[in-house]
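Since the structure of chain A is provided, determine the placement of chain B on it from the hints.
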Amino acid sequence: MRLTPSSALVRESLASHSWIGLMVGALMYLVCLSGTLAVFYPEMERWEQPYAEEFSTFDPQAAEKAFNGFLASGAAITPHMFLVLPTPEVPRMRIATEDESWFLDADGSIAQAERNGWTEMLLDLHLYLHLPSSWGMILVSALGAMLCALIVSGLMAHPKIFKDAFNFRTRGSRLLEQADLHNRLSVWGVPFHLMIAITGAYFGLALPILAVFADANHDGDREAVIASVFGEEPDLDQEKGPLALGSALQQMAILAPEAAPFLITAHDVGEPNQYFSISATHPGRMIYSENYLFDASGNFLRTDAFSDGEPGRQVVYSIYRLHFGHFGGLAVKVIYLLLGLALTIVSVTGVNVWLARRRTRNHLNNLWVGIVWGTPVALVLSAFTQVVLGIPSTGVLWLTILAAAMVSIRLHNEKRASRTLQAAFVVATGLLLVGYGVRFGSDAMTPAALVANASLLATALVFGAMARGRRDVVPTGAAMRRPEASASLTPDTRP
Amino acid sequence: MVYATMAVFMSAGGVALLYASWRTLLRRKRLALTAGWSLIAVSFWCWNRAVGTEFGIVIAATQLSIVAWFFVLGNRHIRRSTGRTQEPVGLNLPRFRSILHHSGRFLVAVPLAACSATMLVLATAVVLPWNDVNRLAFAVLTIPAIWGVLAYWACLETRLLRPALGLVLGGTLGAVVLYI
Chain A
681 MRLTPSSALV
691 RESLASHSWI
701 GLMVGALMYL
711 VCLSGTLAVF
721 YPEMERWEQP
731 YAEEFSTFDP
741 QAAEKAFNGF
751 LASGAAITPH
761 MFLVLPTPEV
771 PRMRIATEDE
781 SWFLDADGSI
791 AQAERNGWTE
801 MLLDLHLYLH
811 LPSSWGMILV
821 SALGAMLCAL
831 IVSGLMAHPK
841 IFKDAFNFRT
851 RGSRLLEQAD
861 LHNRLSVWGV
871 PFHLMIAITG
881 AYFGLALPIL
891 AVFADANHDG
901 DREAVIASVF
911 GEEPDLDQEK
921 GPLALGSALQ
931 QMAILAPEAA
941 PFLITAHDVG
951 EPNQYFSISA
961 THPGRMIYSE
971 NYLFDASGNF
981 LRTDAFSDGE
991 PGRQVVYSIY
1001 RLHFGHFGGL
1011 AVKVIYLLLG
1021 LALTIVSVTG
1031 VNVWLARRRT
1041 RNHLNNLWVG
1051 IVWGTPVALV
1061 LSAFTQVVLG
1071 IPSTGVLWLT
1081 ILAAAMVSIR
1091 LHNEKRASRT
1101 LQAAFVVATG
1111 LLLVGYGVRF
1121 GSDAMTPAAL
1131 VANASLLATA
1141 LVFGAMARGR
1151 RDVVPTGAAM
1161 RRPEASASLT
1171 PDTRP
Chain B
24 MVYATMAVFM
34 SAGGVALLYA
44 SWRTLLRRKR
54 LALTAGWSLI
64 AVSFWCWNRA
74 VGTEFGIVIA
84 ATQLSIVAWF
94 FVLGNRHIRR
104 STGRTQEPVG
114 LNLPRFRSIL
124 HHSGRFLVAV
134 PLAACSATML
144 VLATAVVLPW
154 NDVNRLAFAV
164 LTIPAIWGVL
174 AYWACLETRL
184 LRPALGLVLG
194 GTLGAVVLYI
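Protein sequences appear in the order of chains A and B. This note's numbering applies: residue 681 is where the first sequence begins, and numbers increase by one. This note's numbering applies: residue 24 is where the second sequence begins, and numbers increase by one.
Mixed in with the good hints, there may be bad ones.
[Unchecked claim] Cross-link-like lysine-lysine pairs, in silico, DSS-like; alpha carbons within 27 angstroms at most:
id : chain 1 : residue 1 : chain 2 : residue 2
1  : A       : K745      : A       : K920
2  : B       : K52       : A       : K840
3  : B       : K52       : A       : K843
Read the hints as simulated data drawn from the structure, not as lab findings.
With the rest of the complex left out, here is chain A:
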């Protein structure tokens, strides 16, 4: 039996792969780059506010007093209230409503409000592409499905997948170099890419799918379907009063000695049916948490059975950590960083291959360079304006990308435009690091801030090295005939 696809199928698969890739290329690049960075969003939040007090242990009674004191203070209470507990990853404690959040000191006193506008901007870019959340999330989820289509078409378009599995030819021809980079990163990264595509699509598709399912099977009762997946709320009727968080936290040592509590959520605060849940991670488990439910007096009610319930419930509740790489510590995050960067490069080189295959070049080439190299500049510049100057970052991000595209079109030379934007990244990073030092003073020397700033500096050094890279120019053919073409005679523009 012949297992290799026919040449016609290969040709048509390649055309299909190109069409889908071009349709989603730019958006895929933005989602992949922001997603790669978003793996480290807890660290970024620490970097944005290095002055918040950090501690790994806390007094449960002090936490209970602080939380109940906050509820009784007349502050803007929302139906769900949160107490975020310190963890090794983020050793900070916070009280949060559904809209705002404040840090707590180790003694339980309320400190400054949480302000992590840049990290939120980055997450919004990844989750919604800064569109209204419902539509943006569906669009990003559709990108997940299109990534599945690209994986299938890419594999079908590659008949010599094993023979070429280790080929990597550089410098010779732009087309060959980009195609090899694209194919090698994508073929070996297939398991990760497929996992990211499917888990990424989940976030935006879950609700529409649930709505269709509820319409078809439960007469449109979505609440009933949601309850079947995430568990029902307990039916309680109690006297109004403070929540016995301390007692519940102490019971956790008996209920689940191996579990690590990281969040307390108070439900229906101030109502007769109020209760609270303690979310805890379980070692070796991918589930986001197991939730331990208590009534207001601290009596244990039950769990949500995310750790030992129906397989479907366990799978759905494992998707978040699997998608963001938030399991297994720093090593897994570094693996996700490398694989995420590879997927970002795959989305860029895919478009590069299409551009290099053309006999001609035009402003599409310039525009693409502007988007690709302008986005990192925009991210750093928006971090500077948000973190150092306090200016909201979303507008700065998009205006900088627009400016980078215009600079690239103005230069009309892909290599020069790349180098200019790489140099701009170095300058913007320098500005950010100096501004950060001035803004936060001695707080900028906390370990979390130092690691983040060292990573930024290392990235800037890489960009600097790229900006100073090869400058070989081989004047041939069209360039000899047309003066305007000589500007584009760089290795970047050779097919």
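For chain B alone, kept in the frame of chain A given last:
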């Protein structure tokens, strides 16, 4: 730690044998290929022992990619520049007919394929002898993959009519099973 170290060495050894087999560096290609995949399978087992099944499978699969890229990097061939250039031209706007064709393909490959995949998978899910939560979990994880495959098919065909009709038919069939 011992199992994790073993796992890294096993996967590196496995990829090395695949490399040797596919680059025909060894006389006994088939044996090297079998041994290579076997070592990779053992590395999955080692990761499983080191960090548990759930983390182990993910780490083993992702770490294998990184190991393989080291071999790709080591096999890098630096070639002489071909010196070919692309002729600069102005921006040509596509013809109306072309815009129409691509818009049609987009509608078939994205929204129509999405609807069709949703109906087909949910119809399959409701006939499975499972409870709601398992059916939904099956659906949310399968729909993106099926949508992707259908989008690939929609772009594979030169004529749009066939995939469009096929998707409408499939979606309708799914809806009938789901709602009636």
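Hint check results:
1. K745/A with K920/A: holds, 16 angstroms
2. K52/B with K840/A: Within the cut-off at roughly 17 angstroms; holds.
3. K52/B with K843/A: It holds: about 12 angstroms lies between the C-alpha atoms, which stays within 27 angstroms.
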